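S.K.: Spelled out, the chains give:
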Amino acid sequence: MARLWSKVTFWRVVAAATLAAGAYATVVRFVMGLGASSNMSDGFPWGIWIGFDILVGVGLAAGGFTITATVHLLDLERYRPIVRPTVLTAFLGYLLAIAGLLFDLGRPDRVWHPMFWWNPHSVMFEIGWCVMLYTTVLALEFSPMILEPLGYRKPLRVIHLFTVPLVLAGVMLSTLHQSSLGSLFLIFPGKLHAFWYSLWLPVLFFLSAVAAGLSMVILESFLSARAFGRRLELPLLEGLARVVVVVLTLYLVVRFQDLGSRSALDGFALTTGEEQLFALEVFFGSFLPMILLSLPPVRRDRTGLFCSALLVVLGFVLNRLNTAVTGREGTMDTVYFPTWMEFAVTASLVCAGFIAFALAARYLNVFTEEPARSDHRFQEPRGKIGARIGQLALTTFGVAIVVAALKLKTPAVAAVAPVPAEPVATKRSALTLPPDLTFPAGKDSPGVVKFKHRSHVSAGRPDCAVCHAGSFPMMKTVQGIASAGSDRMHGADRCGGCHDGKRAFAYKEYCEACHTPRPKTAAPSATARGTGR
Amino acid sequence: MSLAILTDLTRCVGCRGCVLACKEINELPAGSTERLSSLTWTALERRAGLNVRRQCMHCVEPACASVCPVGALKKLPSGPVVYNERLCMGCRYCMAACPFRVPKYEWDKQLPRVRKCVMCYDKRLKNGKPPACTTACPTQATVFGNRDDLIREARSRIRAGNGRYVDRVFGLEEAGGTSVLYLSSVPFDKLGFPTAVDREPYPLLTWKVLSKIPDFVGVWSVVLLGVWWIVSRRMELERHGEGEHPGADRRGSGRWQRSGSSG
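Chains as they are written, first to last, in my numbering: chain A, 1 to 533; chain B, 1 to 263.
Hints were generated in silico from the structure; no laboratory data involved. One or more hints might be untrue.
Claimed, not checked - Within a straight-line C-alpha distance of at most 30 Å, the following computed DSSO-like cross-link-like pairs (lysine-lysine) qualify:
| # | chain 1 | residue 1 | chain 2 | residue 2 |
| --- | --- | --- | --- | --- |
| 1 | A | Lys191 | B | Lys190 |
| 2 | B | Lys75 | B | Lys123 |
| 3 | B | Lys129 | A | Lys450 |
| 4 | A | Lys450 | A | Lys508 |
| 5 | A | Lys476 | B | Lys129 |
All values reported here derive from a predicted model rather than from experimental measurement.
Please work from the sequences and hints to get the whole structure.
M.R.: Next comes the structure, spelled out in structure tokens:
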């Protein structure tokens, strides 16, 4: 029992609670539907399941193709120790993005449809194929980690033979879909705020994914060092940090060049919610880490490096959420804020990712070198200038996000005063009313009923809905309606509804007011059809 | 020949016959007639003293059909944009992309569908009958016909109206042209029409990027293969210089095996 209790740690309790909430939300989502579980609506059809689970999940996994390319194409052997954990992270990232997609799709049972029904004009079709193929590539790149402990030699040899082609395919597919995730939004002109809508979206999405993917590799190395007592490859991570600086610089140049050319920043005053979010994202998420990581004291310090990489990742998350959700709030008819169930599903997926990584690190061949448990425990350095700067930057970002979130009140839905509808005066002659109708006579009826639209429609304010919304369907024949019988026809939902002696003369008063008496010899000829024109 | 609908808002008396006819023919349950929803494919909004009939604009080059990853939405040469609910996987990209915000979703259903006006294609158009809404209109405020004829008719009404109409046929160029056209006596932006929509067809925005993919794949593969070849060749020469002679089979003992050893 004591042993069992020793396994209960703070994070395990948090994880269990998150997964429990996620399980509940999952049941609601798949049994009751999207409306019951999310706040998405006709006015806001995409929420955080697209904005976070898919855009962020796929983007942060970009470390996978960059690191494999670094080692296998550029032959930079010293990065080899981080290839496997990075591939694992990427593989999990894609699996979780696909899981998120299953939650988001209205018909998850048809997720395979793009394989057989093609529309090459659709960006989403292209992304679907790339993600499908790249997940396969990642699965193959991941497979040695599972095949080695099992001792399957033959498949291992085959996989090893295909390492370079797989890496090449991975780079190609990743370049395509990381940028295409940005192209998704190209068709939203006027529906996405000018800070985020840009014709350069594909390039910006690709560059930011590379920067964030590499930062994620840095973070992931820190976390594994902490969790599994791994040695921290600090010089190696420092090398990655330099690349992040270059990519972030390139990203900011393209971004501001584009914003400037569209004059999107004219009159920037930091007053609107969009301006604040944009400033947060660009300053703390790109500019600041670019500066910090270019300073050797910060880059070479554990805490400084960790905090800067975290800034890049958080800035990336903010950018994707701004593009998919907050940047669209201003132009949509409705306000969107996720339900707790949407949050629970997203948090559960993240949680599942951590658990899967921990399990894989424990049971599979992820870390190929010896664990250096005792010597290289993660140590918190104190008082170093680089660490202080990094911590300060991260804390400021955190505070700024909280302040912005508190200030970002739900935008008041512009209360449109209902315009009183002026009655459109119409001359009766201007109305082309349907022809007169003859309801056939039943057995006990005094005779056919000739109905004239002319005497039933108010010329000043005609309203078809008075009768046609109920039991006089327009597209049905007169016979069909009359076949209900005289009780029904005289009833409250048909003629009797108005002919009750109050709104119009009562039907009981005088049958011949409506019924034409039967001719004595000829059979009633009822041929009129409704409006079956 | 492309078919279209022309709605002259000055002639509409707000009887809601079109809304009811639509609900009837498409077997939609009663519900609000004033806002488009999954249950109301044409709605009658009252704005600025006019009755404004809303419906799918049936764009000549529709954004919804271009973004649909499985081609569930299609523009037919005869005019309507139709929906195949058996293909739809529910990504809702059509709803996000539509410049007129027309497609609606069955959010409360377990197996939801996208819902919108299909110009009565299956129910009437296919059999040579005009859409239900246009037959129900008692004032010919909304009429059905050949798109070119309707444009001519709309222009002649504007000319003959002596200032009665705003000089604009909405749908002539909006989003690259639509198969639903409007005439109004009040500027369209006051009626809630998205007057700022691009004049260019929306699918071009993404096609400009997508169409470059084949070229990009070609160039990028050459670059990647080139880099790999140069780098691995250099490494091999380096190793050669160090005296590590690769065996007779260059590939066998060269980079293939090395990358395999700890891949």
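S.K.: I'd like to know which numbered hints this structure contradicts. Please list them from smallest to largest.
M.R.: Failing hints: none at all.
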